[in-house]
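**Q** So you can see what is in the structure, the chains are spelled out below.
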Amino acid sequence: MAMSLRQQNLHEHQPLGGRIFTLPLVVCILLVLAAVYVLAQRYAFGIGYVANINDGYPWGIWVAVDVVIGSAFGCAGYVMAALCYILNKGEYHPLVRPAVLASLFGYGLAGIAVLTDLGRYWHFYHLMMPWYAQPNSVMLEVGLCVATYTIVLTVEFAPALLERFGMEDLRAKVNKLLWLFIALGVLLPTMHQSSLGTMMVIVGHKLSPLWQTQLLPVFFLMSAILMGFAIVIWEAVLAALNFKRPQETPVLKKLAYLMAVTALAFVALRFVDLAVRGQLGVAFGGPKASWFWLETLAMLGGGLTLLPPRNRARTRSLFIAASLLLVAGILYRLNVYLIGYTPAIGPWSYFPSVKEILVTVGIFALEVGLYLIVVKTLPVLHAVHSPAHATLSASSAKHG
Amino acid sequence: MAKSPSKGTVSRRGFLRGALQGSAGAAAAACATVVATPDANALQRAPKTMSPDALGLLYDSTLCIGCKACVTACKDVNHMPPEVGPEAQAWNGAPGNPTWDTPVELSAKTLNIIKAYSHGTGEIKDSPENGFAFIKRQCLHCADPSCVSVCPVTAMTKDEKTGIVSHNPDACIGCRYCVLSCPFGVPKYDYNDAFGEIKKCQLCQHRLAENQLPGCADVCPTGATLFGRTEDLKAEAKRRTALSVGEKTHYPRGDIGGKVGGARAGHEKTVAAAYQSHIYGETELGGTQCLAVSGVPFDKLNLPTNVPDTGYPTLSEGIQHTLYAGMVGPAVAFAGLAYLARRNAKDHPEE
Chain A
278 MAMSLRQQNL HEHQPLGGRI FTLPLVVCIL LVLAAVYVLA QRYAFGIGYV ANINDGYPWG
338 IWVAVDVVIG SAFGCAGYVM AALCYILNKG EYHPLVRPAV LASLFGYGLA GIAVLTDLGR
398 YWHFYHLMMP WYAQPNSVML EVGLCVATYT IVLTVEFAPA LLERFGMEDL RAKVNKLLWL
458 FIALGVLLPT MHQSSLGTMM VIVGHKLSPL WQTQLLPVFF LMSAILMGFA IVIWEAVLAA
518 LNFKRPQETP VLKKLAYLMA VTALAFVALR FVDLAVRGQL GVAFGGPKAS WFWLETLAML
578 GGGLTLLPPR NRARTRSLFI AASLLLVAGI LYRLNVYLIG YTPAIGPWSY FPSVKEILVT
638 VGIFALEVGL YLIVVKTLPV LHAVHSPAHA TLSASSAKHG
Chain B
26 MAKSPSKGTV SRRGFLRGAL QGSAGAAAAA CATVVATPDA NALQRAPKTM SPDALGLLYD
86 STLCIGCKAC VTACKDVNHM PPEVGPEAQA WNGAPGNPTW DTPVELSAKT LNIIKAYSHG
146 TGEIKDSPEN GFAFIKRQCL HCADPSCVSV CPVTAMTKDE KTGIVSHNPD ACIGCRYCVL
206 SCPFGVPKYD YNDAFGEIKK CQLCQHRLAE NQLPGCADVC PTGATLFGRT EDLKAEAKRR
266 TALSVGEKTH YPRGDIGGKV GGARAGHEKT VAAAYQSHIY GETELGGTQC LAVSGVPFDK
326 LNLPTNVPDT GYPTLSEGIQ HTLYAGMVGP AVAFAGLAYL ARRNAKDHPE E
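Chains A and B, in that order, give the protein sequences. Counting in my numbering, the first sequence tops out at residue 677, every number present. Counting in my numbering, the second sequence tops out at residue 376, every number present.
Be aware that a few hints might be false.
What the hints assert, rightly or not - Which residues of chain B face chain A? A partial, calculated answer using Cβ under 10 Å: (1) 71; (2) 72; (3) 127; (4) 131; (5) 132; (6) 175; (7) 180; (8) 212; (9) 215; (10) 358; (11) 363.
Hints are computed from structural coordinates only; laboratory data are not their basis. Using N, Cα and C, we set each Cβ at its ideal position, and we do this for glycine too.
Same shape as in the complex, but just chain A (with noise of 0.2 Å):
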């Protein structure tokens, strides 16, 4: 296969190599097994066990943090893919591979996830089960799409380990079928991280009217795919500085344009749509609207940040409006989900548990550990070829 040189540079992974138990990975390591620990309470005794959940918040932060918010970081390969294979935008290809693999680790936990909370998850198959199967349920629409999701990520990630093992037929195989898991990639992300909104829908009075919208599915795509961008500045920005490696903020900057238009057309429509609903009242001075003005002042400070072109090119003010915006959809999501909603008939009252925490905590540390383990063995970063670089790895190998 003849390749110009540029797309040598451009498209070429390998792995970071270097030493793999170092003091974030045994981090790692110990929050996980602290959920483990937890975890096998929670199968011994009940989740009313471990988790502070109850019969007025059914759903704590294992469904609003682990599922809702921890699936939108898993937005990245989603949103990479759409502006690489979709509208061709060959400069991102470099930030694809390690998006994906975020994604993959971002949808496997959060499918993990469900199964900690959910109640009787001996039949979780049965959401698989077309006899089952109740097709008004949203739910269900989300269940399918996030389990063939996380195959279609599988699918997705398969060519860096088969390139890694060296299996070149079964690769080329895989890439001349890759178009149709792409198609898949953005079709069923769109799908359900939309739906995660229009779950909320049924909810009805429960949830405050500063949240409560038909548009619940527009804003939570729109807050998947500022997620999904979010999340891979920040692994462009983090793995540049931790691996010691040059900063991609030239490619990073044109997305930072996306992300400034999507986050200010988020907030116009909340506006537009509190105004329509005729409850923009409520977000002043109703009940829970510090929360409404946490989130979108978060998104306006990230979406105004990346306003002026000279803050794009900026690794600094990336990272800053990056992190913002992630907060922003975190907000967001929480207060859809935990904040904004209030029980039928009361008082209830919820605040997550400690082992509840550690649960949701050492989800995050497993990703966050995998990430650091696979990117060190597999080609999922891009290759860079400078010599102040080769230098760099070679004397941290010598250290490691």
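Please arrange chain B on chain A, whose structure you already have, making use of the hints.
**A** Using the frame of chain A, we list chain B on its own:
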């Protein structure tokens, strides 16, 4: 790279203008979508109608004396364990062996409960001022139930004829979406059991099959809980709410139709407190098969009153049925995406 050269070189002013235009465009589009339809319900499926044979209960708060015989009977006939709150004392001084069933809220162990309202001195029955009143809480068996709409595995079902909403634990995955979505806070999960189940009132279907009354209606001494066809119960509720204070009237007991559980005598009683004209469940969220009448407004009895006349599933299913009608939308989207991905594949020779 050459495909989008303009974006990187646009001036700052051009940029601001672009962003503003983008936001304004999005806002205008949103306006158009939302404003074009009444009540911001852009997509709504038709409400479901009640079966003419729908069965239910009529609870009359003015007749209820708060004896809680229905709570006990419900536990007996459904084989539910007693429930003792953490602060409750053993009633006969037996430490660690409390024998009194003292539930305070519906739970996975309590499918039916009587709750009390009190105000001020709490002396006058069925008076919102300085009075007290009772309310019975159990599944209302909605005409358009949220729990049935949300269940991904058909564990929650509504009988086509009787309209009874029942739950099958052998299908249930324990996601608790029914618990989250129920507008009346009815289905409950047992969090303290490693193999916990969802529990809710199923109108004693197992007893109805043997021509016996639901436990609560069977034992109610005053007819405060009356069983029957929802249509008959609705007529009876309308008759009662039209009564004036001081009128003497007949109150039936057991089955309003006099069939299930055998005919039983009713009783004569003088209306002591004015009925509210509001029949709870007549219109709430598309109507419920179990109804309630009361002398005290229902918001004081802690029931949701500020709710629409159509069930929430009309909104969520409205969105889903529009976006996913026949899966045509997703199929077209997939075809478009696949075409683009395939066409562009030649530009990305390596994965």
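**Q** Just pull the numbers of the violated hints for me, sorted ascending.
**A** 1, 2 and 3
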